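Residue numbers are given in the numbering used here: position 241 of the sequence shown equals residue 241, and the series is strictly consecutive.
Possibly wrong hints are sitting among the right ones.
[To be verified] Straight-line Cα separation of at most 25 angstroms, BS3-like style, residue types lysine-lysine; simulated pairs:
id: 1; residue 1: K212; residue 2: K87
id: 2; residue 1: K212; residue 2: K200
id: 3; residue 1: K200; residue 2: K79
id: 4; residue 1: K58; residue 2: K212
id: 5; residue 1: K212; residue 2: K79
id: 6; residue 1: K200; residue 2: K100
id: 7; residue 1: K212; residue 2: K85
I should point out that these hints are in silico values taken from the structure, not numbers from a laboratory. It should be emphasised that the depicted structure is a prediction, and the values quoted were computed from it without experimental measurement.
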Amino acid sequence: MGNPSNSIPMSSPTSKKAMTELSPVHPTLLRQCSPVRTQEIPKFPGIVKKRIAAFQEKIDARRASFKSTASFKVSPLEKCPPDGKGKLVLYFTSLRGVRKTHEDCWNVRVILQSYGVRIDERDLSMHGGFRDELNGILGHGSSGSRLPSVFANGRYLGGAEEVMQMHEGGELRKALEDCEAAPLANLCGGLVCEVCGDFKFILCEACSGSCKVLLEEYDDVGVFRRCTVCNENGLVRCPVCCY
């Protein structure tokens with residue numbers, strides 16, 4: 001016979017009922033009287049569909065409004081960028097003083113380069129004449145607030161927001177059809193000019209960047225005159241990558 005102390009006592013029906021039933025006073029106790037119901041995840045197919053439809057309507061409305069308002073703004077002939085026929089002209093700044101303006105100029109430049117079109121880059125921070133050009137086209141005082149500004153074959157396409165919208169909507173390629181294609185070297189990855197280092201300007205050879213030239217007049221007397229070749233910074237446009 002086994003040892004009575006080692007035998008497992010059998011629970012009586014009364015004690016089993018007390019352990020399994022749930023008392024209203026103790027809601028944390030387990031209870032087996034009623035089956036446990038698993039909580040179902042609510043499904044809202046109608047709400048999801050409505051949200052998707054509303055979001056799609058906003059996208060369609062935005063595209064429709066953009067197509068109706070973002071038509072090419074054809075500038076009058078006298079207000080086109082100088083020597084801008086058949087070219088893609090980009091007015092921008094390389095200064096980092098205003099972060100958003102610098103980022104907008106950089107992003108637009110990268111987008112335009114991806115289309116394989118030769119870009120006539122006109123940096124207002126390097127040449128004050130470009131600022132005068134843009135003020136003459138868009139109005140006095142607008143050169144700083146409207147950077148970057150893009151012109152395609154004399155048509156004013158707009159600034160950063162307009163160019164990005166046209167790029168996303170697939171309309172930018174059509175706008176650049178009449179512009180000159182980029183050289184094959186640029187398309188193959190050789191984007192940096194060996195002469196100017198992609199700065200688009202080089203030091204003036206006539207005055208060595210001093211903006212002054214010595215002129216010999218009568219009686220062997222030399223006088224300094226303002227150099228007529230370079231700009232206010234003693235620079236001239238690169239003859240290789242600019243035109």
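Consistency of the hints with the structure:
1. K212 to K87: 33 angstroms, violated
2. K212 to K200: Holds. K212 to K200 sits at ~22 angstroms (cutoff 25 angstroms).
3. K200 to K79: 24 angstroms, holds
4. K58 to K212: 60 angstroms, violated
5. K212 to K79: With Cα atoms ~32 angstroms apart, K212 and K79 exceed 25 angstroms; violated.
6. K200 to K100: Holds, because 23 angstroms separates the two Cα atoms, which is no more than 25 angstroms.
7. K212 to K85: 33 angstroms, violated
Consistency with the previously given hints fails for numbers 1, 4, 5 and 7, ordered from lowest to highest.
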